[in-house]
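Visitor: Below, each chain spelled out in residue letters.
Protein chains: 4
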Amino acid sequence: MGPSTHAADITDLLQRIALDIAALPDEGAVAEYIPALARVAPRQFGIAVATVDGAVHRAGDADRAFSIQSISKLFALALALQREGEALWQRVGREPSGTPFNSLVLLERERGIPRNPFVNAGALVITDVLCRRYLQPERAVLEFIHRLLGRVGVGIDADVARSERQHSDRNAAIAHFMRSFGNLGSEVSALLDAYCAQCAIAMSCAELAQAALFLAADGEQPSHGRVLAAADARRLNALMLTCGAYDAAGDFAFRIGLPTKTGVGGGILAVVPGRMTLCAWSPRLDATGNSIAAAAAIERFTAETGVSIFR
Amino acid sequence: MGPSTHAADITDLLQRIALDIAALPDEGAVAEYIPALARVAPRQFGIAVATVDGAVHRAGDADRAFSIQSISKLFALALALQREGEALWQRVGREPSGTPFNSLVLLERERGIPRNPFVNAGALVITDVLCRRYLQPERAVLEFIHRLLGRVGVGIDADVARSERQHSDRNAAIAHFMRSFGNLGSEVSALLDAYCAQCAIAMSCAELAQAALFLAADGEQPSHGRVLAAADARRLNALMLTCGAYDAAGDFAFRIGLPTKTGVGGGILAVVPGRMTLCAWSPRLDATGNSIAAAAAIERFTAETGVSIFR
Amino acid sequence: MGPSTHAADITDLLQRIALDIAALPDEGAVAEYIPALARVAPRQFGIAVATVDGAVHRAGDADRAFSIQSISKLFALALALQREGEALWQRVGREPSGTPFNSLVLLERERGIPRNPFVNAGALVITDVLCRRYLQPERAVLEFIHRLLGRVGVGIDADVARSERQHSDRNAAIAHFMRSFGNLGSEVSALLDAYCAQCAIAMSCAELAQAALFLAADGEQPSHGRVLAAADARRLNALMLTCGAYDAAGDFAFRIGLPTKTGVGGGILAVVPGRMTLCAWSPRLDATGNSIAAAAAIERFTAETGVSIFR
Amino acid sequence: MGPSTHAADITDLLQRIALDIAALPDEGAVAEYIPALARVAPRQFGIAVATVDGAVHRAGDADRAFSIQSISKLFALALALQREGEALWQRVGREPSGTPFNSLVLLERERGIPRNPFVNAGALVITDVLCRRYLQPERAVLEFIHRLLGRVGVGIDADVARSERQHSDRNAAIAHFMRSFGNLGSEVSALLDAYCAQCAIAMSCAELAQAALFLAADGEQPSHGRVLAAADARRLNALMLTCGAYDAAGDFAFRIGLPTKTGVGGGILAVVPGRMTLCAWSPRLDATGNSIAAAAAIERFTAETGVSIFR
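Protein chains in written order, with the working numbering: chain S, 1 to 311; chain D, 1 to 311; chain G, 1 to 311; chain V, 1 to 311.
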């Protein structure tokens, strides 16, 4: 990677990307499966980069909070891994699924063991793990994020959480299904309360990039100490790469070449191991549920800087 | 990565790994689906590292040729990509499959477009592409390997090719199935001749590591010039990471953290972008068709040297 | 059909069948998925025949009540059809499923429309229909059975209902799944209460044979009047034949040649259109969830009398 | 069944049905998967009834030969059953498939054992059985039909056979797939030659109704003697009912209430056990591959006469 990742250059590059994205034609649609998300103004765009030396670079709506949705699965998993260790992998796999994030087909074939912690089934198992350790798992995830940021202030959007809970039949189906195979101990209703609240955490691009910095820094959060063992941070990056973008993980690895985690709120978080984290956000999604403009912005960033884990 | 990747250290490390592997209990079984492979002596082990500066390090049976099987898909794909360019991706996807390498389930759902070029269906599409350009596609792959190595001498094991061709009903099913969807133009019998011959190429660990060096070197084969654009080399590495180890790709990414391509002959090729390639071989396979000892050896190498694309 | 179906002959035949069945080796296992069913004494056997002229023939434990389980789906469907008419078929299909009774695979492919009213998903849709018309759908089914029998006295086994409700995660998954596709309006918890209670109805072979007599009598219950149009009775028989025995429907049609409905309580109800109904019961089940001894008894009855809808 | 099935009434009824069908709007499309079938004039319609007393009734194009396609599976199965007996059922099941006739999904799950003899996979197993007994299995089927008719003259449409063979990739896939599981011994190319020739047999409605009469007559072909044991004739009828109409078998049982076997040439053969056989033909098909007008004609016949195996 050349001089373009110097501090001033990064800010400059983010500004140019934001301008380019603003000029793109409107494509895709805001997530409509819950009313509270469907109301979001579609043309917003933000991007932020946090480097391991502590700097944060911003462009566009980088400080506007949005619904992080599935990106929360990353923090819940890191917390569960911190607490549970290796035992976690008895209840959830680490293979890509080859089917949409909310499919039950593989879950039936594999008798209730989800493919990975980022499909909904796997994320529900992680929430189940947290339910056994915390009375309010969503608060535990929130406090974990506060510790990562070194400050409080991130919250749960109660409207989104409620709306999501009212439209959680598919997740209820998945949870009951895993219970029927003995791979879920919590009472389903409480589990879904926690899960929907966790998905409704609202954060900005800048906050997400900063909170995930330990993934770029061998498991250590700059200025706050060790979050995970270096090996576990590496493994989370591997999981993000193979499973982080729903059914488009292969395409993301191919186009972007970085570990990413996406959410239907329109956010995409990417990690450049050893260097930086990167978060872009824009609400319109493609058919696989990933933000079109955020993906384009990150692809452009990688093209211009040459950052890629694949060299 | 510390001093352990200095030249002398690498050779020393490979020797230690070879000793450790020799002490492992016998597990798994040699591929039995074709008689010619089932006859291979099971306790062999070799490992080799080729670095981008041109050095090659060896331990164990690093110079003994074995059947490269699916590792050949990598060379066939690189050659097809060199000739066909982007158009290739209209006929084959780049997503992990979530099902065994020879499954027809997804192929039916996705109307004849294979998930990626490393499942058998995808590799057959690549062979179909080569069939249109070459009278003898397997010779074209062989000559491509000769160019990569800068010398001739690699050959096709005719016994293995014949045995494989006699047991190719599953691949014939896949090929006819894709033809029924219009995604395969060649006559199936000729296609399978070429495919089985290509899989029967015999190479040693040292040869494989050297031949694949362009993947670690931004698409340029040291001392022989450009093979692929840097971006395409990156993309091949991404594909290897997400799809290179059959249905264990996620687990390999998690444990090993490097792009790999495995074969049922017992070989595993891994890439450390910017640094080196690594090939280990041992015939006994686990249930997913990957060599147990070769995977253990590569995992040990990454653990000791700290090389990982995920940092 | 010869003289063997004369009244005296029928009783005599049933007695012989009961003796033969008693001499069979013990095979299969009592349903164990809910504790209350697992406690049933396994060696019981009963058989009864009700003819359209009003006679009832019995052998063995023909008057002992057992848990009718999925046989209740037949009465719920008849009641729903009586009330809803043709509109019912917009929400549930009439094709065999080719997969186990509680699979979600086809339900996902067919976007929440169950294959037929006898797989669990379809039966839950029927209960949903009844939930809109009755405050207590299970009472409505019970009262429908009372009307068919011309007397009260049939009840719900509260232990079985409770036990079933406590182990209803798979059905909860199916119900939420259909809700997520918009094909289920009821609140899932209330729906499952009604469904589990309905399955826990306890009846004897003699009662079941009598209650279902309208299916053999062109839709008219002898001495109680019309239940369904003749065409609808015919169609119910057709559904029983193609879908009544879970994933063994084809085998039952082949071996027995009569419309049947089976339940995991060990009961099997069969219809000889125009002639009689037949119910056998014994708790041990085969791998497809059908009673081994009851199936053998009905097969013997058809072999000896030559009754078959296929001549 | 009332007086309407008297001889004069039957002819009269068939004439009225033919008139009604002629007045129907044009719907559906002629089978287009092979050119030779796509050329058939779409508006043709024929119907014939053969009664067990030897009479044949006709209306419309009842004597015009058409491509019997999958209806040939019925004769091949009867012949194989005659020769092979019960052993046949080790290699093919008798359950409905729940998926389209040419799907490979269930075949993969069930490791090469087809669901029933009427899906293509099952019919190919039957052809494989005949290939072991006859040098020219298609001639054996033809001669079997000649014996059933008591006269020669039925032939194979060579154009259709050739066209079908040229478009047989899907069936080649299925055959190789079963071979890979060890459930098919013949060389695939010869097997497909025989299979395509058998499907290209051309017969008229009147001939089909007469040839299949043994299914209505307890296994005995009137005036030609026993074809199958009565029990086997019953079982074939059962198989036709549960599996005879591709993925619409349940719907056909529901609407028509008779064992049927359909073909993409537009023919539908139905059996009224103990009474008669019925064949209608018209080339336009619905989405499930069944003739729209022929199904409507048979449905009308059953509605007017009240014939149904479900009473």
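Derived by calculation from the structure, the hints in this document are not laboratory data. Heads up, the beta-carbon is just placed ideally off N, CA and C, and yes, glycines get one too. You may find that some hints are simply not true.
Selected chain G positions facing chain V (in silico; Cβ < 8 Å) [unchecked claim]: (1) ASN116; (2) PHE144; (3) HIS146; (4) ARG147; (5) PRO259.
Visitor: Each of the hints needs a verdict: does it hold here or not?
Guide: Hint check:
1. About 6 Å separates the beta-carbon of ASN116 of chain G from the nearest beta-carbon of chain V, less than 8 Å, and the hint is met.
2. At its closest, the beta carbon of PHE144 of chain G sits 21 Å from a beta carbon of chain V; the interface hint therefore is violated under the 8 Å criterion.
3. Below 8 Å, beta-carbon pairs count as interface contacts, and HIS146 of chain G has none with chain V, the closest being about 25 Å; its hint is therefore violated.
4. Restraint check, ARG147 of chain G versus chain V: the minimum CB separation of about 22 Å is more than 8 Å; hint violated.
5. Look at PRO259 of chain G: its Cβ gets to within about 7 Å of chain V, closer than 8 Å, so that hint holds up.
Comparing the model with each numbered hint stated earlier shows that hints 2, 3 and 4 do not hold.
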